[in-house]
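2 protein chains.
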Amino acid sequence: MMERVPGALGTSASLALRLGQTIFSSASLLFMCLDVEFYSYTSFSYLVTVMGLVTPWSVSLALVDAYSVFVKCLPRHPRVLLILIVGDWALSFLSLAAACSTASVTSLMVSAGPSRCPSRLCSRYQLSAAMAFLSWFLSFASTLFNLWLLPSL
Amino acid sequence: MMERVPGALGTSASLALRLGQTIFSSASLLFMCLDVEFYSYTSFSYLVTVMGLVTPWSVSLALVDAYSVFVKCLPRHPRVLLILIVGDWALSFLSLAAACSTASVTSLMVSAGPSRCPSRLCSRYQLSAAMAFLSWFLSFASTLFNLWLLPSL
Chain A
1 MMERVPGALG TSASLALRLG QTIFSSASLL FMCLDVEFYS YTSFSYLVTV MGLVTPWSVS
61 LALVDAYSVF VKCLPRHPRV LLILIVGDWA LSFLSLAAAC STASVTSLMV SAGPSRCPSR
121 LCSRYQLSAA MAFLSWFLSF ASTLFNLWLL PSL
Chain B
1 MMERVPGALG TSASLALRLG QTIFSSASLL FMCLDVEFYS YTSFSYLVTV MGLVTPWSVS
61 LALVDAYSVF VKCLPRHPRV LLILIVGDWA LSFLSLAAAC STASVTSLMV SAGPSRCPSR
121 LCSRYQLSAA MAFLSWFLSF ASTLFNLWLL PSL
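Chains as they are written, first to last, in UniProt numbering: chain A, 1 to 153; chain B, 1 to 153.
Because the hints were derived from the structure by calculation, they are not lab data. Keep in mind that this is a model prediction, so the values were computed, not measured. Backbone N, C-alpha and C fix where the C-beta goes; we use that ideal spot for every residue, glycine too.
Using C-beta positions, here's what the derived DEER-type ranges look like:
id	chain 1	residue 1	chain 2	residue 2	range
1	A	Leu34	B	Leu121	30 to 38 Å
2	B	Pro56	A	Pro75	42 to 50 Å
3	A	Ala90	B	Ser40	32 to 40 Å
4	A	Ser119	B	Pro56	38 to 46 Å
5	B	Ser123	A	Ser119	31 to 39 Å
6	A	Ala90	B	Pro56	25 to 33 Å
7	A	His77	B	Arg120	50 to 58 Å
Sample of chain A residues with no beta-carbon within 12 Å of chain B, all distances over it, derived:
id	residue
8	Gly20
9	Pro56
10	Trp57
11	Arg76
12	His77
13	Pro78
14	Ile83
Construct all of the structure, not just a fragment, from the sequences and the given hints.
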């Protein structure tokens, strides 16, 4: 029963999902943070805050999954799984909101012309929003897989 | 068993939720649409599109609920309920995205000063975004209640 659901906590598919979340959320954070002006826009600061929450969450769950896959299969309690699902769910909503705000503000700045945003900066903002969307998608997939497992426990 | 879950399809709590969604989504649509310039911004057009989808969906489900409460209790099939859950889920994601984009673009325009947006227009945009957030919240609540009912069928 433990390996029946791919993508649930402790399987190799879940490890792949978590690694993808880590890569995309830290890429989004870096694209936005290595710029010096992100704190002058509300939505860019919000994106940095949310991605700063998503990255440690994904890293720690990737470590749990790696331990469970390579060393010893950990037992799964329904209460732990419930906390995981609620956390994933909340973080996926937050990262969707952050990605949408960043994308819409960037598109407004692009339409305002190069006086508002030089093309080098604007493409970095766009890349950061795209990475945030990918991170949302993977975290939503994790939620669905864990939610699927919950009734069987 | 039919009335055990408040808020599921065909109960009076569900009727209240659907009426609330109808009111908030149409208010958001009207606050944005009675303005003539909404189509010059991508995120405002997106909000209008999404709210134009949410309003008829909520109205038709409110009619189904009203029929079920006041006239005759309709049978509930798992397949119909699954379509409802998926539709509510997709619309709640879309309306969260639209509300976030509108709110962030509005806050950017407010910070740009009154030359960019006169205060009468800006407060209407803000009201529209707030109504879209409320509509998202109610539609998410409907999703959760129906999802809770699904395993018992």
